[in-house]
Amino acid sequence: MQTVFSVGTDALAYGMVLFVISIGLSVTMGLMRVVNLAHGAFAMIGGYIASYAAQTLGFGYAAAILIAVVGTIIIAIPVERFLYRRIYGAPELTQVLMTIGITFCVIGIANYVFGPTLKTIPLPDTLRGPVDLGFRSIAAHKLFAIACGVVVAGGLWFLIEKTPFGVKLRASVDNAAMAASLGVRTKIVYAVSFAVAVGLAAFGGIVGAELLPIEPYYALRYMVTFLVVVSVGGAGSIPGALLACLVLGGIDTTGRYLLPEYGEFFFYLAVIAIVCTFPRGLLGRKK
Amino acid sequence: MKKLLLGAVAALALCGSAYADTIKIGVVGPFSGPFAIQGKNFKAGIDAYMALNGSKIGDDDIEIVYRDVPQADPAQSKALAQELVVKEGVQYLAGFYFTPDAMAVTPLLKQANVPLVVMNAATSAIVTKSPLIVRTSFTTWQTSAPMAKVAKERGVKKVITVVSDYGPGVDAENAFKTTFTAEGGEVVDSIRMPLSTNDFSPIMQRVKDSGADALFAFLPSGPTTLGFVKAYNDNGLKSAGVQFLAPGDLTQESDLPALGASAEGLLTTFHYAVSHDSAENKKFVEAAQKAIGTPAELSFPSVGAYDGMHVIYKMIEATGGKQDAQKAVDAVKGLAWESPRGPVSIDPESRHMTQNIYLREVAKADDGTYYNKEIVTFEKQGDPGLAAAK
Chain Z
1 MQTVFSVGTD
11 ALAYGMVLFV
21 ISIGLSVTMG
31 LMRVVNLAHG
41 AFAMIGGYIA
51 SYAAQTLGFG
61 YAAAILIAVV
71 GTIIIAIPVE
81 RFLYRRIYGA
91 PELTQVLMTI
101 GITFCVIGIA
111 NYVFGPTLKT
121 IPLPDTLRGP
131 VDLGFRSIAA
141 HKLFAIACGV
151 VVAGGLWFLI
161 EKTPFGVKLR
171 ASVDNAAMAA
181 SLGVRTKIVY
191 AVSFAVAVGL
201 AAFGGIVGAE
211 LLPIEPYYAL
221 RYMVTFLVVV
231 SVGGAGSIPG
241 ALLACLVLGG
251 IDTTGRYLLP
261 EYGEFFFYLA
271 VIAIVCTFPR
281 GLLGRKK
Chain L
1 MKKLLLGAVA
11 ALALCGSAYA
21 DTIKIGVVGP
31 FSGPFAIQGK
41 NFKAGIDAYM
51 ALNGSKIGDD
61 DIEIVYRDVP
71 QADPAQSKAL
81 AQELVVKEGV
91 QYLAGFYFTP
101 DAMAVTPLLK
111 QANVPLVVMN
121 AATSAIVTKS
131 PLIVRTSFTT
141 WQTSAPMAKV
151 AKERGVKKVI
161 TVVSDYGPGV
171 DAENAFKTTF
181 TAEGGEVVDS
191 IRMPLSTNDF
201 SPIMQRVKDS
211 GADALFAFLP
221 SGPTTLGFVK
231 AYNDNGLKSA
241 GVQFLAPGDL
251 TQESDLPALG
261 ASAEGLLTTF
271 HYAVSHDSAE
281 NKKFVEAAQK
291 AIGTPAELSF
301 PSVGAYDGMH
311 VIYKMIEATG
321 GKQDAQKAVD
331 AVKGLAWESP
341 RGPVSIDPES
351 RHMTQNIYLR
361 EVAKADDGTY
371 YNKEIVTFEK
381 QGDPGLAAAK
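Protein sequence lines, in the order shown, are assigned to chains Z and L. If you read the first sequence in full-length UniProt numbering, its first letter stands for residue 1, the second for the next number, and so on. If you read the second sequence in full-length UniProt numbering, its first letter stands for residue 1, the second for the next number, and so on.
Simulated from the structure, these hints should not be mistaken for lab results. Honestly, I wouldn't trust all of these hints.
Computed, partial: chain L to chain Z, Cβ under 10 Å [claimed, not checked]:
| no. | residue |
| --- | --- |
| 1 | Gln-38 |
| 2 | Asn-198 |
| 3 | Asp-199 |
| 4 | Ser-201 |
| 5 | Lys-208 |
| 6 | Gly-222 |
| 7 | Pro-223 |
| 8 | Asn-233 |
| 9 | Asp-234 |
| 10 | Pro-257 |
| 11 | Leu-259 |
| 12 | Gly-260 |
| 13 | Ala-296 |
Every residue, glycine too, gets a C-beta built ideally from N, C-alpha and C.
Generate the whole structure from the sequences, applying the supplied hints.
Have a look at this one:
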C-alpha cells in the first residue's frame with residue numbers, strides 16, 4: 001500500500017513537471033495554430049539564463065526565475081516579429097521547417113556560448129533535500145513543481161476563459177478577419193499570447209530542470225514528449241493537457257516501477273490507444 | 001642529351017628530398033552533436049601529445065585528419081573510414097568513441113593494410129575482430145569487476161544492479177554480477193532501464209523495496225547521470241545508508257560541476273582520474289587543458305587519445321614510416337610505458353591495455369570544486385571480459 005502511494009506521488013510530480021513545460025506548446029499549437037517545434041528551445045533558453053543568473057551572477061532562485069522568464073520573452077519578441085509572423089496560417093510543413101530550423105540554430109548557439117556540459121540551477125535551501133510526507137520522503141522541489149503546475153493551470157484557465165484578453169484571443173483564433181474588423185488588434189493579441197507561451201516554456205524549463213537537466217540538446221531530446229502531451233490532451237485545452245500529463249505520468253511511472261525492462265512501451269501504447277479513441281485529444285476543441 | 005640527363009638527376013634529387021613525406025592519421029569520433037565533448041577530449045589528448053612530443057618523427061611529418069560521426073552510426077563510420085583510407089591515404093586509423101562504430105571498421109583493416117588504434121570504445125570483443133586492432137582505453141568489464149571486490153571488502157552482502165539497457169550497461173551488469181557472485185555476494189535484483197528514462201524515482205523505489213545494502217549502477221555519462229544521482233539523494237537512499245557503486249563513467253570530471261554536492265561520497269572504479277598524482281599526469285593535464293580551452297571539460301577520453309598517439313608514434317618509428325600494418329602492430333605488442341594514468345602495457349595476446357584500476361571517491365577540493373579522489377589501487381588489471389566471453 002505504501003508503495004502504491006509512493007509511486008502515485010512520483011507520478012503526480014512527474015506529470016506536473018510535464019504539464020508546466022508543455023502547456024505553453026498547447027497554447028501556441030491549439031490557440032495560435034502554430035506547430036512550434038522550437039518550444040523546447042525556448043524552455044532551454046530559460047534554463048540557461050536562470051543557470052547563468054544564479055551561478056555566475058549570484059542571484060537568488062526566485063530572482064533567477066524572473067530574470068529568465070523576462071529574458072526569454074525579450075529574446076522571443078524579435079523572433080516572433082521577424083520569423084513567426086510570417087508563418088501564422090501557413091501550411092504545417094512550412095511551420096515545422098521554420099521552427100525546427102530555429103531549434104537547430106539555438107542548439108548551435110547554446111553549444112558555442114555555454115559549451116556542451118550540463119548546467120544546473122542551484123535550488124534555495126528550502127527546496128533542497130527531502131520532505132517527509134509520513135509514508136515516504138519526497139524531494140521538496142517536486143512539491144514545488146506540483147504547486148507550480150496547479151498555479152499555472154488555474155492562472156491560464158482564468159486568463160483565457162474569464163478575461164477580456166481571453167475573449168479577444170479566442171475571437172482572433174477562430175476568425176482573425178472578423179475579429180480585426182470588430183476592432184481587435186489581432187497582431188498584438190498574437191504577440192502577447194506568443195510571449196505568454198514562451199514565458200511558460202522558460203518557466204517550465206527552470207522548474208523541470210531537476211528532472212530534465214539543461215544541456216544543448218535539451219531542445220530536441222524532450223520535444224517528442226512535449227508534443228505527445230499536447231496531442232493527447234487536445235491542443236489548446238488546458239484541462240486536457242493537465243489530464244494528459246496526469247494520465248501519461250501515471251502510466252509511465254507505474255510501468256517503470258513494475259516492468260522497467262519494457263521501457264516506454266506502455267507510455268506509447270497508451271498514447272496510441274488514446275489518439276485512436278479521441279483523434280482530437282482527450283478534451284480537444286471541435287473545429 | 002647532357003641537359004636531359006642533368007634534368008633527370010635534378011628531378012630524382014628533388015624526389016629524394018620530397019621523400020620525407022607526410023604520414024596521415026585518420027581520427028574518427030563525435031566532434032559535433034550531443035557527444036561533442038567526448039570528441040573534444042580526443043582532440044585535446046592528441047594535441048597535447050603532439051605539443052609535448054613534436055609533430056615530426058625522423059623526417060616525416062605527422063598530420064591528423066579528423067572525421068565526425070556525431071552519434072553511434074556504423075554505416076557512416078565505415079564510409080568515413082573508407083574515405084580516409086582511399087582518398088586521404090591515411091596509414092593509421094584511430095579514435096572511435098562508440099563500439100558499433102569501431103566494429104564497423106574492422107573488416108576494412110586487412111585489405112587497407114591499416115592498423116586501428118581504438119581510443120575509447122569499451123566492449124571487450126572489439127579486439128577479437130581483427131589482429132590489426134590495438135586498444136588504449138579500457139573495457140567496461142575491466143572497470144566494473146574491481147567494484148565487486150570493493151563491495152565485498154566493505155561488507156556489502158546484497159546488491160541490486162541498475163543499468164541502462166544497452167551494450168555497455170549490460171556489460172557492466174554482467175561484469176559486476178559474475179565477479180560479485182564469485183566472491184560470495186548476492187545480487188538480489190537486476191533492473192535494466194531504457195536509455196530515454198528521465199524520472200528515476202520509481203527505480204529508486206524499486207531499489208528501496210529490494211532491501212539491498214548497495215546499488216551498482218551504470219548509465220552513459222551525461223544528462224541522465226545527473227537525474228539518477230539526484231533521485232538517489234532525493235528518495236532518501238543516501239540517508240538510508242544504501243551505498244552507491246558504479247564505474248567511473250558516472251562521475252566523469254566534466255559532469256562533476258553539475259553533480260556537485262549530490263555526488264559527494266560516491267564510490268567509483270575507473271582507469272583514470274584527472275586528479276591522478278604523478279609527474280606524467282601533471283604534464284599531460286597542463287597540455288591537455290590548454291588544448292581543450294575550458295579546463296573543466298577535460299575528462300577520460302583524452303587520456304585514451306594521448307596514449308593512442310603514443311602507440312601510433314611507436315608504430316611509425318618501428319616501421320620507418322612505411323605502410324606495414326602487421327609489422328606496426330607487432331612492434332607495440334608488450335610495449336610498456338608510464339602513462340598519465342599510471343604504468344600501462346599492451347597485452348601481446350589481446351592487444352588491449354593492462355593497467356591499474358583505481359577506486360575513487362568524489363571529494364570536495366579546497367577551492368570548493370569536486371574531484372575524483374583515488375583511494376585504492378588495483379594493480380595491473382587485464383580485461384576479464386574476454387575470458388568471460390570464451
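Now for the hints, and whether the structure bears them out:
At about 9 Å, the closest approach between the beta carbon of L/Gln-38 and any beta carbon in chain Z falls short of 10 Å, and the interface hint on this residue holds. Satisfaction of the interface hint for L/Asn-198 is found here, the shortest Cβ-Cβ separation to chain Z being roughly 6 Å, below the 10 Å cut-off. Restraint check, L/Asp-199 versus chain Z: the minimum CB separation of about 5 Å is within 10 Å; hint holds. About 4 Å separates the beta-carbon of L/Ser-201 from the nearest beta-carbon of chain Z, less than 10 Å, and the hint is met.
Checking L/Lys-208 against chain Z: minimum C-beta separation of about 9 Å stays under 10 Å; hint holds. Hint status for L/Gly-222: holds, given a least beta-carbon distance of 7 Å to chain Z, under 10 Å. Taking 10 Å as the C-beta cut-off, the interface hint given for L/Pro-223 holds, the closest approach to chain Z being about 5 Å. For L/Asn-233, the interface hint holds, the least distance from its beta-carbon to any beta-carbon of chain Z being 8 Å, beneath 10 Å.
Among the interface hints, the one on L/Asp-234 holds; its C-beta lies about 3 Å from the nearest C-beta in chain Z, closer than the 10 Å criterion. Because the beta carbon of L/Pro-257 sits about 7 Å from the nearest beta carbon in chain Z, less than 10 Å, this interface hint is met. For the restraint placing L/Leu-259 at the interface with chain Z, the shortest Cβ-Cβ distance is roughly 8 Å, inside the 10 Å limit, so the hint holds. Evaluation of the L/Gly-260 hint against chain Z yields a held restraint, the C-beta minimum of about 7 Å falling below 10 Å.
A hinted interface residue such as L/Ala-296 counts as satisfied when its beta carbon comes closer than 10 Å to some beta carbon of chain Z; here the least separation is about 7 Å, so the hint holds.
Of the hints listed earlier, there is not a single one the structure fails to meet.
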